[in-house]
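K.L.:
Sequence:
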Amino acid sequence: MFWLRQIFRVRERWQGHDDAAAEMGIIDHLEALRSTIIRMALTLLAAMVLCFGFSGTVMSVLRQPVESVWVEHERRHLPDGVSAADWVAAKSLAALRPDLSPGARAPLEQHFTPEVRQLADIVPLLHAAALLPAEQQAGYLNSSAADDAQRELALALYAAGAELKEGQGRAALKLMGAFRPGEAFMLSLQLSFFCGLILSFPLQMYFLLQFIVPGLLEHEKRLIFKCVGYGVALFLVGSAFAYFAVLPRVLSFFYDYSLGMGIENDWRIGYYLTFAARLIFVFGAVFELPVIVVPLIKLGILNYERMKVTRGYALIACFAAALFLAPAPDPATMFIMALPMYALYELCIIFARLEQRKHLP
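Residue 2 is where the sequence shown starts when you use my numbering, and the numbers rise one by one after that.
If you're looking for bench data, these hints aren't it; they were derived computationally from the structure. Keep in mind it's a predicted model, so treat the numbers as computed, not measured. You may find that some hints are simply not true.
Label-pair ranges, simulated between beta-carbon atoms [what the hints assert, rightly or not]:
(1) Leu340 x Ser102: 56 to 66 Å
(2) Pro99 x Ala344: 48 to 58 Å
(3) Ala333 x Pro203: 26 to 36 Å
(4) Tyr272 x Leu324: 19 to 29 Å
(5) Ala286 x Gly140: 51 to 61 Å
(6) Ala344 x Leu133: 31 to 41 Å
(7) Leu209 x Phe245: 50 to 60 Å
(8) Leu324 x Leu209: 47 to 57 Å
Derived pair list, reagent style BS3-like, types lysine-lysine, alpha-carbon separation capped at 27 Å [claimed, not checked]:
(9) Lys309 x Lys359
(10) Lys309 x Lys299
(11) Lys309 x Lys227
(12) Lys359 x Lys227
(13) Lys166 x Lys227
(14) Lys227 x Lys299
Even for Gly, the Cβ is constructed at its ideal location relative to N, Cα and C.
Please build the complete structure, drawing on both the sequences and the hints.
P.N.:
Structural data, given as structure tokens:
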């Protein structure tokens, strides 16, 4: 109720532009709020219906960071000159060879490059070496290799710690675990909700600002429209930052940490996609800070002196917000979220300073 009262006071202040306007009662404010909520809900519903038809595409996009985690993990455990794609293909080829007749194996191997076939010859040696005590493994590879080239490559793969188990690579991240009949459908609805929020965000922001500050003058309306435009751009920047920079690093941290604890990364698709969608949306919302602060500066509600004095409180508030908003509880994720938030606040302080100088005589 406290926040509603504050919003209602702001509404009454902006309605003061019209001298003939009577002061609105609490019922009138609540009626305007109800109309705003209905418009926002209908907009979100329409966006969800539109996004529902593209659920498969959205799911594929959200799964890409998981693939990058697997590729990065495989790459870190390979020597220079060996790609993750070649190594995975070699492991698959080596697993099939014993079950195929020579007549069936030859046509299959023709579809692979000489590098993949060479790696496939080494995979059984590495598996065999893994059965021996650690101090005998390198010696076994050194003595069992067919030639110097194979020996050198086998020892390089062994020294890099190349992953041999499929469970430690892509197979652990297939994300196909739907354990209830309607889980896939509910997941599509959940994805549609998050995508609908993103798609309808410009209109949602416009409706909200229209409710908070009604009765605007012409130049103030132009300011609101500019804020909506910049808000959309900042939201997309924040979402892209989360998708390309934050999400792969967070997933890689949890992936490697689980392996270090001896735990397989058999991630369930519903939990993962909820985690990924929430992280992307929260980062997009965090980047909206200038859209909230800049209009308050332009309209004279905030100024440079006040923002400069509260800088320390803002830093604490950013980390507190990251603590509650971050979808992962690890310190790295919270720090990655709090740092851009505070950097945006500092940019707002610079803007307030420039705005103050602009009005100095």
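K.L.:
Evaluate each hint against the coordinates.
P.N.:
Checked hints:
no. : hint                        : result
1   : Leu340 x Ser102: 56 to 66 Å : 59 Å, holds
2   : Pro99 x Ala344: 48 to 58 Å  : 57 Å, holds
3   : Ala333 x Pro203: 26 to 36 Å : 32 Å, holds
4   : Tyr272 x Leu324: 19 to 29 Å : 21 Å, holds
5   : Ala286 x Gly140: 51 to 61 Å : 58 Å, holds
6   : Ala344 x Leu133: 31 to 41 Å : 53 Å, violated
7   : Leu209 x Phe245: 50 to 60 Å : 28 Å, violated
8   : Leu324 x Leu209: 47 to 57 Å : 25 Å, violated
9   : Lys309 x Lys359             : 18 Å, holds
10  : Lys309 x Lys299             : 16 Å, holds
11  : Lys309 x Lys227             : 25 Å, holds
12  : Lys359 x Lys227             : 19 Å, holds
13  : Lys166 x Lys227             : 54 Å, violated
14  : Lys227 x Lys299             : 12 Å, holds
Checked against the numbered hints given earlier, this structure breaks hints 6, 7, 8 and 13; the rest are met.
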